[in-house]
Amino acid sequence: MTWIDALILGIVQGLTEFLPVSSSGHLEIGVVLLGINSTNNLLFALVVHMATCLSTIFVFHKDILLLIKGLLKFEWNDATKFVLKIFISMIPVGIVGLLFESEIEAFFTGDLFLVGGMLLVTSILLFIPRYFSQGVGEVTFGKSLVIGLAQSIAILPGISRSGSTIAMALVLGVSREKAAKFSFLMVLLPIIGASLLKIKKYIEFPDLEPEVNILALFLGFMAAFISGYLACRWMVKIVKKGKLIYFSIYCFILGLTAISYSYML
Numbered sequence: 051m052t053w054i055d056a057l058i059l060g061i062v063q064g065l066t067e068f069l070p071v072s073s074s075g076h077l078e079i080g081v082v083l084l085g086i087n088s089t090n091n092l093l094f095a096l097v098v099h100m101a102t103c104l105s106t107i108f109v110f111h112k113d114i115l116l117l118i119k120g121l122l123k124f125e126w127n128d129a130t131k132f133v134l135k136i137f138i139s140m141i142p143v144g145i146v147g148l149l150f151e152s153e154i155e156a157f158f159t160g161d162l163f164l165v166g167g168m169l170l171v172t173s174i175l176l177f178i179p180r181y182f183s184q185g186v187g188e189v190t191f192g193k194s195l196v197i198g199l200a201q202s203i204a205i206l207p208g209i210s211r212s213g214s215t216i217a218m219a220l221v222l223g224v225s226r227e228k229a230a231k232f233s234f235l236m237v238l239l240p241i242i243g244a245s246l247l248k249i250k251k252y253i254e255f256p257d258l259e260p261e262v263n264i265l266a267l268f269l270g271f272m273a274a275f276i277s278g279y280l281a282c283r284w285m286v287k288i289v290k291k292g293k294l295i296y297f298s299i300y301c302f303i304l305g306l307t308a309i310s311y312s313y314m315l
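Be aware that the sequence shown starts at 51, since it is given in the working numbering, and climbs by one per residue.
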């Protein structure tokens, strides 16, 4: 992977991690178009995912600090309830990730037909909230589990995590602002957990990783962090304005393009 490849993929990862267009799907398309071997860049994937995790922390640092302060009071308050809802939302993706890790990895082979099909699914998910009135509700314990189920299907390349979770929250009647906030905060621990698993795998199988290009890793990290920070802030505003339909159209067009291109390879 050259530094130019790393820069491009870092920007793609940062933007698409938060915009409801599937970062995994775009990265799969990116590695195919750039001709990169997607099976041996574990360290790069780890670096850019940690970068987007850090950008989320920067955007929501005030909310995170309030949650920490609330937890340190060791009482049943709003912060404790919110964190518990986050943990509940993690249950489905945790089960799927632990039980089907090898099966999930098998999907990430640069199959543009699969990616295109899942992007069409994302398009449908983003379109559905248009048929529901704007909600004003909170994320309850039950809703957090359902939103977590939506997140569990986003392990497939082409299905947007933020798109599926925000769309589900809106369908359940959660207010737009709270839907966006919960969606972005609920992914922090899963990203950290997945990163720890990548570190474990990297330590166990260092020979599978190509020679490390420090410049590529640095540029990929910075590109993912900066673009992720901007995209996260932008996405919160987009959800508040209810403009998900534009991303639905984008995913539909890109999905059809990816499927068409897969027949040309």
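Keep in mind that the hints were calculated from the coordinates and are not lab data. Hints should not be assumed to be uniformly reliable.
Distance condition first, Cα-Cα at most 27 Å in a straight line; then the derived DSS-like pairs of lysine-lysine [as the list claims (entries may be wrong)]:
#1 K251 <-> K112
#2 K231 <-> K119
#3 K131 <-> K287
#4 K231 <-> K123
#5 K123 <-> K112
#6 K231 <-> K293
#7 K250 <-> K290
#8 K291 <-> K250
#9 K228 <-> K291
#10 K248 <-> K290
#11 K112 <-> K287
#12 K112 <-> K291
#13 K112 <-> K231
#14 K231 <-> K131
#15 K250 <-> K112
#16 K250 <-> K131
#17 K131 <-> K119
#18 K123 <-> K228
#19 K287 <-> K248
#20 K251 <-> K131
#21 K231 <-> K251
#22 K228 <-> K293
#23 K290 <-> K112
#24 K228 <-> K119
#25 K290 <-> K228
Simulated restraints, written as ranges between beta carbons of each label pair [unchecked claim]:
#26 I264 <-> L148: 43 to 53 Å
#27 G144 <-> I107: 31 to 41 Å
#28 G85 <-> M272: 37 to 47 Å
#29 I249 <-> F157: 29 to 39 Å
#30 S183 <-> R283: 39 to 49 Å
Every residue, glycine too, gets a C-beta built ideally from N, C-alpha and C.
Verification of the hints:
{"no.": "1", "hint": "K251 <-> K112", "verdict": "33 Å, violated"}
{"no.": "2", "hint": "K231 <-> K119", "verdict": "18 Å, holds"}
{"no.": "3", "hint": "K131 <-> K287", "verdict": "25 Å, holds"}
{"no.": "4", "hint": "K231 <-> K123", "verdict": "23 Å, holds"}
{"no.": "5", "hint": "K123 <-> K112", "verdict": "17 Å, holds"}
{"no.": "6", "hint": "K231 <-> K293", "verdict": "16 Å, holds"}
{"no.": "7", "hint": "K250 <-> K290", "verdict": "39 Å, violated"}
{"no.": "8", "hint": "K291 <-> K250", "verdict": "41 Å, violated"}
{"no.": "9", "hint": "K228 <-> K291", "verdict": "13 Å, holds"}
{"no.": "10", "hint": "K248 <-> K290", "verdict": "34 Å, violated"}
{"no.": "11", "hint": "K112 <-> K287", "verdict": "17 Å, holds"}
{"no.": "12", "hint": "K112 <-> K291", "verdict": "22 Å, holds"}
{"no.": "13", "hint": "K112 <-> K231", "verdict": "12 Å, holds"}
{"no.": "14", "hint": "K231 <-> K131", "verdict": "15 Å, holds"}
{"no.": "15", "hint": "K250 <-> K112", "verdict": "31 Å, violated"}
{"no.": "16", "hint": "K250 <-> K131", "verdict": "31 Å, violated"}
{"no.": "17", "hint": "K131 <-> K119", "verdict": "13 Å, holds"}
{"no.": "18", "hint": "K123 <-> K228", "verdict": "23 Å, holds"}
{"no.": "19", "hint": "K287 <-> K248", "verdict": "32 Å, violated"}
{"no.": "20", "hint": "K251 <-> K131", "verdict": "34 Å, violated"}
{"no.": "21", "hint": "K231 <-> K251", "verdict": "31 Å, violated"}
{"no.": "22", "hint": "K228 <-> K293", "verdict": "16 Å, holds"}
{"no.": "23", "hint": "K290 <-> K112", "verdict": "19 Å, holds"}
{"no.": "24", "hint": "K228 <-> K119", "verdict": "20 Å, holds"}
{"no.": "25", "hint": "K290 <-> K228", "verdict": "9 Å, holds"}
{"no.": "26", "hint": "I264 <-> L148: 43 to 53 Å", "verdict": "33 Å, violated"}
{"no.": "27", "hint": "G144 <-> I107: 31 to 41 Å", "verdict": "21 Å, violated"}
{"no.": "28", "hint": "G85 <-> M272: 37 to 47 Å", "verdict": "23 Å, violated"}
{"no.": "29", "hint": "I249 <-> F157: 29 to 39 Å", "verdict": "22 Å, violated"}
{"no.": "30", "hint": "S183 <-> R283: 39 to 49 Å", "verdict": "27 Å, violated"}
Hints 1, 7, 8, 10, 15, 16, 19, 20, 21, 26, 27, 28, 29, 30 from the earlier list are contradicted by this structure; the remaining hints agree with it.
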